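Visitor: Chain residues, written in single-letter form:
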Amino acid sequence: MLLYYFDLAGVAVFSASGVLAARDRDLDLLGVIVVAVMTAIGGGTLRDLLLDRHPIFWVTDSWYLIVIIASALLTVAYVRRWPPPVATLLVADALGLGLFALSGAQFAEAAQCPPLIVVLMGTMTGVFGGILRDVITAQIPLILRREIYATAAILGISLYLALQALGVPPAGAFGAGMSLVVALRLLAIRWGLNLPVFRQS
Amino acid sequence: MLLYYFDLAGVAVFSASGVLAARDRDLDLLGVIVVAVMTAIGGGTLRDLLLDRHPIFWVTDSWYLIVIIASALLTVAYVRRWPPPVATLLVADALGLGLFALSGAQFAEAAQCPPLIVVLMGTMTGVFGGILRDVITAQIPLILRREIYATAAILGISLYLALQALGVPPAGAFGAGMSLVVALRLLAIRWGLNLPVFRQS
Amino acid sequence: MLLYYFDLAGVAVFSASGVLAARDRDLDLLGVIVVAVMTAIGGGTLRDLLLDRHPIFWVTDSWYLIVIIASALLTVAYVRRWPPPVATLLVADALGLGLFALSGAQFAEAAQCPPLIVVLMGTMTGVFGGILRDVITAQIPLILRREIYATAAILGISLYLALQALGVPPAGAFGAGMSLVVALRLLAIRWGLNLPVFRQS
Chain A
1 MLLYYFDLAG
11 VAVFSASGVL
21 AARDRDLDLL
31 GVIVVAVMTA
41 IGGGTLRDLL
51 LDRHPIFWVT
61 DSWYLIVIIA
71 SALLTVAYVR
81 RWPPPVATLL
91 VADALGLGLF
101 ALSGAQFAEA
111 AQCPPLIVVL
121 MGTMTGVFGG
131 ILRDVITAQI
141 PLILRREIYA
151 TAAILGISLY
161 LALQALGVPP
171 AGAFGAGMSL
181 VVALRLLAIR
191 WGLNLPVFRQ
201 S
Chain B
1001 MLLYYFDLAG
1011 VAVFSASGVL
1021 AARDRDLDLL
1031 GVIVVAVMTA
1041 IGGGTLRDLL
1051 LDRHPIFWVT
1061 DSWYLIVIIA
1071 SALLTVAYVR
1081 RWPPPVATLL
1091 VADALGLGLF
1101 ALSGAQFAEA
1111 AQCPPLIVVL
1121 MGTMTGVFGG
1131 ILRDVITAQI
1141 PLILRREIYA
1151 TAAILGISLY
1161 LALQALGVPP
1171 AGAFGAGMSL
1181 VVALRLLAIR
1191 WGLNLPVFRQ
1201 S
Chain C
2001 MLLYYFDLAG
2011 VAVFSASGVL
2021 AARDRDLDLL
2031 GVIVVAVMTA
2041 IGGGTLRDLL
2051 LDRHPIFWVT
2061 DSWYLIVIIA
2071 SALLTVAYVR
2081 RWPPPVATLL
2091 VADALGLGLF
2101 ALSGAQFAEA
2111 AQCPPLIVVL
2121 MGTMTGVFGG
2131 ILRDVITAQI
2141 PLILRREIYA
2151 TAAILGISLY
2161 LALQALGVPP
2171 AGAFGAGMSL
2181 VVALRLLAIR
2191 WGLNLPVFRQ
2201 S
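Top to bottom, those sequences are chains A, B and C. As numbered in my numbering, the first sequence has no gaps in its residue numbers, which increase by one up to the final residue, 201. As numbered in my numbering, the second sequence has no gaps in its residue numbers, which increase by one up to the final residue, 1201. As numbered in my numbering, the third sequence has no gaps in its residue numbers, which increase by one up to the final residue, 2201.
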């Protein structure tokens, strides 16, 4: 039940990040909402399709869509008046990433995926919405270029699996993994950490 | 049965719009046909995947693909000689949008989706092919930027649901909803109506 | 069993081509691996989703992902030191295209698709990873623009179906079809063959 509220908080945050990405891209209001919806549900939808989990999480429960649209409208109203609260949003986005990455990993575990695939599936759940957001607004996905993003998800999920293998109960491992994702992400932003960029010799 | 012929007309129209979008983008003939196919089947394929309807509508019925390819080739042949019949195509595209939006809504209703999700699913069915078309040809989707497009689908589907709630039989509600989509779309084009563009203050 | 090793070889080749496409696009190392993974599994994943084949081919078998990541890392290490072995990679890519196209066609046949859809499904399996690769790196897909690529897949699968209709056993038809794909592709590169580009009159 707690996870369900976490999930709603996660889609709300990703919806706001979709709205911010859509600024100044010459989209109309509804276009902005479409980008927000795709950012928020993209990762979980891909996860459910790949794992053959039906109904898809938002298909029979209106609350996800209601929360996403409300969050998008509030964000639109806010940024028309004030500069976006960047720091708050980065923290919220890190929480969303951690949450989706770990919950995606749990679903993959429940579907009997081997550990490496659990890591992949959790990472995809965490980052795919942001990739969609950037592809639709015709940018090379930020996630693939900046700071420790997918990396944070991979390390957090790996910790989650390692702790479980050592006998830690799932809830504790989940909390530890998610905390690692959030901490890595925020430290990377704070100190401007990046993986080396790949260029040809 | 009538709906089946409507459906074939819908994919034919979207195929032609895919060909027109692919002009002057340095694609070869087969690339143009690929874009036409993705534009025509994109929305319905996403709908079937999300609702877990298998086989996907075109997977066991060759007629969709035959109609799409024939329409694409005719459009190619036509526009190599004459300027594209823009007005005709806009009317046809409005009909295609209305048809796919309402039929997508009906499938979502049949899958027990709540009303808000019915609206989302119908709208996605109507507009996703066009989004794919624009993403592949590396443009920010027109649908998210111009005139009343997804808006028309949303209002038409809402009318369809409202009329059914008032006791109107499905066929009548379908016709009314589809007419509203087409009318809104054509009026928006005629009068240059747009939703306000979203820019930061 | 042989097909399984072919398949692993196919994803390895596509992974390398993903890494090469991601060069100089300002991606970090993990971003490059993400592009490699999407290029390698994109076509087969779409095939499995559309044909409702679960589990998706890589979801319960870690070897695909291991091979893809190893191939991506080797390619990164190689091209940081030496110029990429273009000729070798083009041959390998042609083999990968032929293999995926024909195996996609076989799966579609097993799912009772009519012949035209078998051709479409095989072609999509062969080319979709490359389309994803180009969309993510924000380019108009090369596959839609250059030389005989999807065309080679279409003709090879058609040969495969024709030979089977004439009574040739599947394995022989598979080999002939795949050989035709590879031969067409390599001849097209060698002689710079292109389909005519589509421009408006």
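One or more hints might be untrue.
Quick look at which bits of chain A chain C covers, simulated, 3 or more residues with Cβ under 8 Å [to be verified]:
1. 33-42
2. 49-61
Derived CB-CB ranges, DEER-like [stated by the list, open to error]:
3. A:Leu166 x C:Pro2083: 20 to 30 Å
4. B:Gly1175 x A:Arg190: 51 to 61 Å
5. B:Gly1175 x C:Tyr2005: 33 to 43 Å
If you're looking for bench data, these hints aren't it; they were derived computationally from the structure. On a predicted model such as this, the values are computed, not experimentally measured, just so you know. All C-beta atoms, glycine included, are put in the ideal place defined by N, C-alpha and C.
Visitor: Would you list, in rising numerical order, the hints stated earlier that this structure does not obey?
Guide: Those not satisfied are hints 1, 3, 5.
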